[in-house]
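*Asks:* Listed here are the chains, written in short residue letters.
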Amino acid sequence: MRRRGDLLDVSNLRVVFDTYTGQVKALNGVELWMNHGERLGVVGETGCGKSVTALSVMRLIEEPGRITEGTILFEDKDLATLSENTLNTVRGKDIAMIFQEPVAALNPVMKVGAQIVENIECQRKSAALARVSDKAEPAADDGSPKKHGHRDTDSVKTMRDMLGHVGLDWQRTENLYPHELSGGMAQRVMIAMALSSRPKLLIADEPTSALDVTIQAQILNLLNSLVRETQTAVLLITHAMGVAAQFCDFIAVMYAGNVVEYGSLQAIFNNPLHPYTKGLLQAVPKIGRTDELQSIPGIVPDLIDPPGGCRFHPRCPHRRPECDKAQPGFEPVGGEAEADRHHVACFLYQRDQ
Amino acid sequence: MELGSFIIKRLFLMVLVIFGVLIIVFVVTRIIPADPVGAILGGNAPPATVDAMRHQLGLDKSIFAQLLDYLGGILRGNLGNSLVSSRPVMTDIMEFLPATLELAVSSIIFAVVLGVILGLLSAVFRNRFIDHFSRVFSILGISLPGFWLGLIMILIFYYRLGWLPNGGQYDMFLFPTRTTGLILLDAVIHGEWNVFFNGIKHLILPTFILGYSSTASIARIMRASMLDVLHQNYIRTARAKGLPRKMVILRHALKNALIPVITIIGLEFGGLLSGAVLTETIFSWPGLGRYIVNSLLTLDYPAISGGTIFIALIYSVVNLAVDILYAAVDPRMRS
Ligand SMILES: Nc1ncnc2c1ncn2[C@@H]1O[C@H](COP(=O)(O)OP(=O)(O)OP(=O)(O)O)[C@@H](O)[C@H]1O
Ligand code: SF4
Ligand SMILES: [Mg+2]
Chain A
1 MRRRGDLLDV SNLRVVFDTY TGQVKALNGV ELWMNHGERL GVVGETGCGK SVTALSVMRL
61 IEEPGRITEG TILFEDKDLA TLSENTLNTV RGKDIAMIFQ EPVAALNPVM KVGAQIVENI
121 ECQRKSAALA RVSDKAEPAA DDGSPKKHGH RDTDSVKTMR DMLGHVGLDW QRTENLYPHE
181 LSGGMAQRVM IAMALSSRPK LLIADEPTSA LDVTIQAQIL NLLNSLVRET QTAVLLITHA
241 MGVAAQFCDF IAVMYAGNVV EYGSLQAIFN NPLHPYTKGL LQAVPKIGRT DELQSIPGIV
301 PDLIDPPGGC RFHPRCPHRR PECDKAQPGF EPVGGEAEAD RHHVACFLYQ RDQ
Chain B
1001 MELGSFIIKR LFLMVLVIFG VLIIVFVVTR IIPADPVGAI LGGNAPPATV DAMRHQLGLD
1061 KSIFAQLLDY LGGILRGNLG NSLVSSRPVM TDIMEFLPAT LELAVSSIIF AVVLGVILGL
1121 LSAVFRNRFI DHFSRVFSIL GISLPGFWLG LIMILIFYYR LGWLPNGGQY DMFLFPTRTT
1181 GLILLDAVIH GEWNVFFNGI KHLILPTFIL GYSSTASIAR IMRASMLDVL HQNYIRTARA
1241 KGLPRKMVIL RHALKNALIP VITIIGLEFG GLLSGAVLTE TIFSWPGLGR YIVNSLLTLD
1301 YPAISGGTIF IALIYSVVNL AVDILYAAVD PRMRS
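From first to last, the protein sequence lines are chains A and B. Residue numbers for the first sequence, in my numbering: 1 to 353. Residue numbers for the second sequence, in my numbering: 1001 to 1335.
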């Protein structure tokens, strides 16, 4: 299959959770990709699989969940099949992650400064390991082999710089414990930690949903300016279309375990094709709009026994006879070379129809 | 709050608790319907002798004056004389206390170390062999009666295999030099290694019997708490850093999982002290538990109340230590 994004290319990703009540088919062949430095927003209703997608990319899905199929190409590696040891050289170093509940995401019995330093040390160690194991490249150090003590003080300095970058005073912050931080401060700490290793991809799973509205904007602006400086790619998960529109270049719309539509911000907002995307956009309140906020009729499907064919068919106003028989392919609309990358999974737009 | 002021506050509370225990012990020994004078002199002593004895024991004063006498005595380290041996109770206790301390401390160390390791492995290798093993081990520890198990162990390891002694603190033919009263510590101080290893051999069975049920409860709590911690968000963060699994468990999960375990160590120690009464009897261990049992059988009030006060004192000190440990591990406790 043709490679689609030079940073990340996820295809046919399937994840299930084996629970007592049955197997939850959480991801049903997810497709998405991005190039270096791009920002992709993943949107969709609660329970549609956004977090599972994000965690799968880092292979952080835990029991009872597992990846059953699919490839997760990150640069030249397939993360879906990588060994745990090799994965640990990618986690934190190339891909970093921040979460919805920043206070709960920090270890309650460890000072926040130490938690950031730990990340920096861990990435240095795995970089050193990679250099040693890479025999083709001679161990070309910068001449002066640093003693361990020096490296430690380097890490502390980096930690303090990072705290400064996220707008925190290190003297006041580094010795605090997570419960002494507000949600906004904790998310700043998480951002400092995630970006301290200069990752190529930052996965942000609803980073502002748990924060006060005023803080939300601050954190988004901070994130925006930091990743712009370093050209870090961001996979932003959000259920707020408005946030995605502000922050992202590309959008992937998810429904019940599938990306049903993918494309540039313009393509998705100006020319939504999938009936679910259209419904979702109508549900977004716009400034100056006086008509009622639209919600999509029907309920979110049960993923233990999901609807066959297109999972949206029970709620779809445009359903066709074939919709409950086969799963629609994820296909480009409007030409191969199009910069919009507009793709949709819906029988209404299949070219051979 | 800083750790220092936390400790001061807890110390103050401890003094209050001890004072409460003293009052209760005093009141109880005055209201139980047995008469200490009768216990000393027998039922048909002449009234003049009885009156003289009442005066000698201070029982003819008002109850309040008696309480003051009693508290004043304790402050000077005087717990009265034993009605049986007429020796100062304090002297008796100082003789028997070290053996109990040695047994209780070795049992709690055994229980905490083994319980934490079992619980940790159980949670990390959930539903695998070690988990099943540790859960069966725990159920047995909580349900089997200690005295029965003790007798079975003596049967196996003494009569059958002859590997371990059946009781006592060390072999009769040894004459250890005593400094602190703690046999093992004294042996180390004086370099008497034969005494040390002999003492260890004698300590094994009683430690196991006394510590088994605590080991079991600690293993259960540790397992549950570890499983809970492993599902917390910060563990996911640690994994997302690319830390190897071993580091995630040892550096991030372990310390958090220990917090609930620490809170029960104090309680378990209380259980150990009361369990010591039985274990000391089975293993002829010359400790405070056996002393209290003997005093109960002879209605030796000063000895009973002295022993009780010491047990309460040990219990309070251990719980103070546990609280300090708790605050040291969990920063949320300090604020
Ligand atoms: N540990 C688990 N066990 C069973 N099912 C799970 C588990 N984790 C996720 N799921 C299921 O996977 C599906 C996708 O969940 P996911 O958390 O990815 O949703 P989401 O899109 O992130 O929703 P939200 O907006 O609420 O965060 C849900 O139907 C959920 O029930
Ligand atoms: S495939 Fe059919 S049911 Fe699914 S969205 Fe398209 S029209 Fe609706
Ligand atoms: Mg989510």
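None of these hints come from the bench; they were simulated from the model. Source: prediction; values computed, not measured. Ideal placement from N, C-alpha and C gives every residue a C-beta, glycine not left out. Just so you know, not all the hints are guaranteed correct.
Claimed, not checked - Calculated cross-link-like contacts (lysine-lysine; reagent style DSSO-like; alpha-carbon spacing at most 27 angstroms):
id, chain 1, residue 1, chain 2, residue 2
1, A, 125, B, 1009
2, A, 25, A, 77
3, A, 77, A, 200
4, B, 1255, B, 1009
5, A, 200, A, 157
6, A, 111, B, 1246
7, A, 111, A, 157
8, A, 125, B, 1255
9, A, 25, A, 200
10, B, 1061, A, 111
11, A, 157, A, 125
12, A, 77, A, 125
13, A, 125, A, 25
14, A, 111, B, 1201
15, A, 77, B, 1201
16, A, 111, A, 125
17, A, 325, A, 111
18, A, 77, A, 111
Said to hold, decoys possible - Derived, one-sided and incomplete: chain B residues facing chain A with beta-carbon distance under 8 angstroms:
id, residue
19, 1327
20, 1330
21, 1333
*Asks:* Under the criterion that the straight-line Cα-Cα distance not exceed 27 angstroms, is the pair residue 1061 (chain B), residue 111 (chain A) satisfied?
*Replies:* Not OK: residue 1061 (chain B) and residue 111 (chain A) at ~61 angstroms, beyond 27 angstroms, violated.
*Asks:* Holds or violated: are the alpha carbons of residue 111 (chain A) and residue 157 (chain A) at most 27 angstroms from each other?
*Replies:* Since the Cα atoms of residue 111 (chain A) and residue 157 (chain A) sit roughly 16 angstroms apart, the hinted pair holds (cutoff 27 angstroms).
*Asks:* Does residue 125 (chain A) pair with residue 25 (chain A) here, judged by a C-alpha cut-off of 27 angstroms?
*Replies:* Given pair residue 125 (chain A), residue 25 (chain A) is violated - Cα atoms ~37 angstroms apart, limit 27 angstroms.
*Asks:* Does residue 1255 (chain B) pair with residue 1009 (chain B) here, judged by a C-alpha cut-off of 27 angstroms?
*Replies:* 25 angstroms, holds
*Asks:* Does residue 1330 (chain B) meet its interface restraint, that is, does its C-beta lie within less than 8 angstroms of any C-beta in chain A?
*Replies:* 6 angstroms, holds
*Asks:* Are the Cα positions of residue 25 (chain A) and residue 200 (chain A) separated by 27 angstroms at most?
*Replies:* Given that 27 angstroms is the threshold and the Cα spacing comes to 30 angstroms, the pair is violated.
*Asks:* Can you confirm whether the C-alpha distance between residue 77 (chain A) and residue 200 (chain A) stays at or below 27 angstroms?
*Replies:* 14 angstroms, holds
*Asks:* Do the alpha carbons of residue 125 (chain A) and residue 1255 (chain B) lie within 27 angstroms of each other, as the hint requires?
*Replies:* The given pair, whose Cα atoms are some 23 angstroms apart, holds under the 27 angstroms limit.
*Asks:* CA of residue 25 (chain A) to CA of residue 77 (chain A), is that 27 angstroms or under?
*Replies:* The hint holds at about 26 angstroms.
*Asks:* Is residue 125 (chain A) within 27 angstroms of residue 1009 (chain B), Cα to Cα?
*Replies:* 44 angstroms, violated
*Asks:* Would the hint linking residue 111 (chain A) and residue 125 (chain A) be met if the CA-CA limit is 27 angstroms?
*Replies:* Status holds; Cα separation ~21 angstroms.
*Asks:* So if I understand the rule, the pair passes when the alpha-carbon distance is 27 angstroms or less; does residue 200 (chain A) with residue 157 (chain A) pass?
*Replies:* At roughly 22 angstroms apart (the allowed maximum being 27 angstroms), residue 157 (chain A) and residue 200 (chain A) satisfy the hint.
Hints 1, 9, 10, 13, 14, 15, 17, 18, 19 and 21 from the list above are not met by this structure, while the remaining hints are.
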